[in-house]
Amino acid sequence: MSLQPDMPASPRRAVFTSLGVISPVGDTPTFWANLLAGTPGVRAVRAFDPSALPCRIAGETLEPFDAKKYIPSSNKDGRKSLKNMAKTVQLGLCGAQLAMDDGGPAKGTIDPFRFGIEFGCVMVASELEDLSAAAKHTITADSRKIDMAKWGHEGVEKITPLWMLKYLPNMPACHTSIFFDSQGPNNTITAGDVASTLALGEAFRLLQRDAADYFLVGGCDSKINPLSFTRNNLFVPFTRNNDHPATAVRPFDKDRDGTALGEAAALFGLEDLEHAKKRGAKVYAELAGFASGFDRGRKGPILAGVIRNALKEAGITPADVDHVNTSAGGLPELDAFEARAIHEVFGTVTPVYALKGQIGNTGAASGAIELAASILALKHGQLPGTVNHAATSADCPVTVHVGEPRPVTKPYAVKINYTDLGQCAVAVVKKFE
Amino acid sequence: MRRRVVITGIGSVTPLGHSAEKTFAAAIEGQCGIDYISRFDAKTFQTTFAAEVKDFALKNWLPYTHERYAKSGENTRYGLAAAQEALHDAGLLDSTGHDRTRFGVYLGSGEGAEDFYSLIDSIGRAADESGYRVNSAKFGSTGNSLFDAKREAEFEMHTTAGHLAEEFDLCGPNFTCLTACAASAQAIGEATAFIRHGDAEVMLAGGAHSMIHPLGVTGFNRLTALSTRNNAPKKASRPFDLDRDGFVLGEGAGMVILEELEHAKKRGARIYAELTGYGTTGDAYRMTDPHPEGRGAVKAMQDALKDARLTPEDIGYINAHGTSTAANDECETAGIKGALGAFAYKIPVSSSKSMLGHLIAAGGAVELIISIQAMLRNTLPPTINYETPDPKCDLDYVPNAAREKSGIRNVLSNSFGFGGQNITLIASKL
Numbered sequence: 001m002s003l004q005p006d007m008p009a010s011p012r013r014a015v016f017t018s019l020g021v022i023s024p025v026g027d028t029p030t031f032w033a034n035l036l037a038g039t040p041g042v043r044a045v046r047a048f049d050p051s052a053l054p055c056r057i058a059g060e061t062l063e064p065f066d067a068k069k070y071i072p073s074s075n076k077d078g079r080k081s082l083k084n085m086a087k088t089v090q091l092g093l094c095g096a097q098l099a100m101d102d103g104g105p106a107k108g109t110i111d112p113f114r115f116g117i118e119f120g121c122v123m124v125a126s127e128l129e130d131l132s133a134a135a136k137h138t139i140t141a142d143s144r145k146i147d148m149a150k151w152g153h154e155g156v157e158k159i160t161p162l163w164m165l166k167y168l169p170n171m172p173a174c175h176t177s178i179f180f181d182s183q184g185p186n187n188t189i190t191a192g193d194v195a196s197t198l199a200l201g202e203a204f205r206l207l208q209r210d211a212a213d214y215f216l217v218g219g220c221d222s223k224i225n226p227l228s229f230t231r232n233n234l235f236v237p238f239t240r241n242n243d244h245p246a247t248a249v250r251p252f253d254k255d256r257d258g259t260a261l262g263e264a265a266a267l268f269g270l271e272d273l274e275h276a277k278k279r280g281a282k283v284y285a286e287l288a289g290f291a292s293g294f295d296r297g298r299k300g301p302i303l304a305g306v307i308r309n310a311l312k313e314a315g316i317t318p319a320d321v322d323h324v325n326t327s328a329g330g331l332p333e334l335d336a337f338e339a340r341a342i343h344e345v346f347g348t349v350t351p352v353y354a355l356k357g358q359i360g361n362t363g364a365a366s367g368a369i370e371l372a373a374s375i376l377a378l379k380h381g382q383l384p385g386t387v388n389h390a391a392t393s394a395d396c397p398v399t400v401h402v403g404e405p406r407p408v409t410k411p412y413a414v415k416i417n418y419t420d421l422g423q424c425a426v427a428v429v430k431k432f433e
Numbered sequence: 001m002r003r004r005v006v007i008t009g010i011g012s013v014t015p016l017g018h019s020a021e022k023t024f025a026a027a028i029e030g031q032c033g034i035d036y037i038s039r040f041d042a043k044t045f046q047t048t049f050a051a052e053v054k055d056f057a058l059k060n061w062l063p064y065t066h067e068r069y070a071k072s073g074e075n076t077r078y079g080l081a082a083a084q085e086a087l088h089d090a091g092l093l094d095s096t097g098h099d100r101t102r103f104g105v106y107l108g109s110g111e112g113a114e115d116f117y118s119l120i121d122s123i124g125r126a127a128d129e130s131g132y133r134v135n136s137a138k139f140g141s142t143g144n145s146l147f148d149a150k151r152e153a154e155f156e157m158h159t160t161a162g163h164l165a166e167e168f169d170l171c172g173p174n175f176t177c178l179t180a181c182a183a184s185a186q187a188i189g190e191a192t193a194f195i196r197h198g199d200a201e202v203m204l205a206g207g208a209h210s211m212i213h214p215l216g217v218t219g220f221n222r223l224t225a226l227s228t229r230n231n232a233p234k235k236a237s238r239p240f241d242l243d244r245d246g247f248v249l250g251e252g253a254g255m256v257i258l259e260e261l262e263h264a265k266k267r268g269a270r271i272y273a274e275l276t277g278y279g280t281t282g283d284a285y286r287m288t289d290p291h292p293e294g295r296g297a298v299k300a301m302q303d304a305l306k307d308a309r310l311t312p313e314d315i316g317y318i319n320a321h322g323t324s325t326a327a328n329d330e331c332e333t334a335g336i337k338g339a340l341g342a343f344a345y346k347i348p349v350s351s352s353k354s355m356l357g358h359l360i361a362a363g364g365a366v367e368l369i370i371s372i373q374a375m376l377r378n379t380l381p382p383t384i385n386y387e388t389p390d391p392k393c394d395l396d397y398v399p400n401a402a403r404e405k406s407g408i409r410n411v412l413s414n415s416f417g418f419g420g421q422n423i424t425l426i427a428s429k430l
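Quick note, the sequences are listed as chains A and B, same order.
Here the first sequence stands for residues 1 to 433, where the numbers follow this note's numbering.
Here the second sequence stands for residues 1 to 430, where the numbers follow this note's numbering.
Simulated from the structure, these hints should not be mistaken for lab results.
Where is the CB? At the ideal position from N, CA and C, for every residue including glycine.
Do not take every clue at face value.
[Said to hold, decoys possible] Subject to a maximum C-alpha distance of 20 Å in a straight line, what follows is the list of computed EDC-like cross-link-like pairs (lysine to aspartate or glutamate):
| hint | chain 1 | residue 1 | chain 2 | residue 2 |
| --- | --- | --- | --- | --- |
| 1 | B | Lys266 | B | Asp94 |
| 2 | B | Lys138 | A | Asp130 |
| 3 | B | Lys346 | B | Asp314 |
| 4 | B | Lys150 | B | Glu129 |
| 5 | B | Lys138 | A | Glu157 |
| 6 | B | Lys265 | B | Asp94 |
| 7 | A | Lys150 | B | Glu129 |
| 8 | A | Lys150 | B | Asp41 |
| 9 | B | Lys306 | A | Asp210 |
| 10 | B | Lys306 | A | Asp147 |
| 11 | A | Lys299 | B | Asp99 |
| 12 | B | Lys43 | A | Asp49 |
| 13 | A | Lys145 | B | Glu114 |
| 14 | A | Lys299 | B | Asp169 |
| 15 | B | Lys337 | B | Asp314 |
| 16 | A | Lys80 | A | Asp66 |
| 17 | B | Lys43 | A | Glu157 |
[To be verified] If you want a taste of the chain A side facing chain B, the calculated C-beta under 10 Å gives, among others:
| hint | residue |
| --- | --- |
| 18 | Phe48 |
| 19 | Phe65 |
| 20 | Ser292 |
| 21 | Leu421 |
Extracted from the complex, chain A is given alone in its bound form (with noise of 0.2 Å):
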């Protein structure tokens, strides 16, 4: 058996050529207009009454989320479609609509084959309406105890038939290959909060390794619903600063107390760099390097190497980068350990951003929508400042950048994101020039 290389003798290169993001703070290109203003995205929430719950704010879409006016009146079918989908499914669908309109390739002009599809989502929940008729008609005077002859025999027929494809993984990914006719590579990673780095990490291997010319890659997710709402209030640590949402997520602070869900889709063309210059595609920014890794206990040192590894892969120092984009959330343990492992490879002396004090935890979709923030900020040069850091915690011994957008000096920014049990992730981004 004759072996090849499994990376082509000059390795491919990776361009992002297209964007598009729905957010508590507006879609592209409202969306980076009040990242520079510092808009706030937590609010109260408005879709549903969250007055039993000990959290009752999220970052929830700006305007209120209405799927039908991304697809064009033209594509029946899939204005059809729509109503298969629960909400994260539709804003996965319509976040790729968004991207696709901002320069992706028309059909035709892609072989099909070489179109692949990388999303970053996790299980939707149940819509309470889907199985409520149902639910009435089964529960008994005790608690917890479900008739289950009843329903078995009269409760399942009360359930729509495509009930559990609303609300599948994999269904962002399903409905966006079909609008745009990708046949190539299709995967949904569902690794909760870092699920959309990873799901960028691994597009970015199928390209280098030549399997596709064009991947949408990204995440969505939406837990702004009662049943994933309720769920989360038991064992996410959110903040109780339920009286001022736009100042409760405080990445970094001393007086952090907890986080915020928060909702959004964000959607990347991710292409190889010589199929983009061919087709004209403008371009964003270039994907350098990728690394991921398990930080088991959450220390820090495990974080660290993957920094390194990244950055590595690009072929950077530390001194390259003019920012690290964080994840942290206003988390007592979790920003502490990011803070750490960032502190073991930039010091102190690269600025640190955190966007979900703006926005809350979008979960599946943050790795891209906080990527998409450091895209466009080494497009536009200019860093937009963290909100809601007032005095930086003593356990987290990073500079983290507030106030005014500053200048962007240096030519890469750095994406770190990972779970609450120590799946992490880091990409590296490089100014396209």
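Given chain A, put chain B in place with the hints provided.
Chain B in isolation, oriented as in the chain A frame:
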């Protein structure tokens, strides 16, 4: 030279047995792991049976730490057991002497255990008289008191791979994907690519899943995807047979240790096979129906052959996705012929799902392991319950009894999923 990736450990927990060895032994005897559902009262469901893992106790694998996972879902508990077996099999349980940051995890695994009773109770009590409107404040209040915080945290999809990494000290790349029924095959394919690229030396890869719970059966029943042969459960999974009427839910886990060849040689590891080929495509067709000509499946098989630098004549056995649904088995047959041409008729093809049921996200990993065992033992597992040929399914399905076949150098395993995911893996004798 590209870095070569070999399999040095295997582990399974399935409806046929609590290890890879027991699963294969039962499969070549043509045993069936399907029976009436015991996990909950399913007597009035459209489908009353499934392929459950029987008599499972995590303490048999993790005698000192099993209690940590008492509130984890079956996905995590089966996954831990299969991972322990695979790591032990590969001689990698002891972390001393290895750089654990070069040892990662990639799972195709599902969600934890849905607390059906608390969920339905909370919704039912918050519903108005019509049953179609729910008071969200009331739901929040009831849910907040009924749900168990730890159990809800364990529902999150990254917890299985996270717990495996914690338990076994695996600090390399840690991925979880869920591409429906293709997930663990995709995990193994991408993990292989990571090792080839240099992102890791060793990866624990595979899947773990259980959807044998009230909402799982409810959801698949509503999609009319499950067999309803309630009078004869052991006859219900009948891939490629004319009278097939849907798939049978299974559960379990399958894990392999993927290792860079030189790394494995240096430590004198036993090598089962080389993972030579991986193909991945999307149908871009419909949510559940496969493309009628198997368009994406053909390309996935072709890409896997190309990746392995093989031709159809090199393939000695195909482990089919073979779900026993009308659409899958017909489209997969068309796809195999589309990818392999006339030689497709000369390759034995069987579906382990006839005995195992459908392990959903975990299926691909368990079936790859069975394929490799078949190659090494010169014995092909059968497709049981094959009684009436379907004119549209006209390949050699190894009907009803295992078959001796020596000299197999390469085996091919297909996994397809809702959403149009198509994954093909090829394993080869070293």
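ask   = So which hints don't hold here, by number, going up?
value = 4, 5, 10, 12, 19
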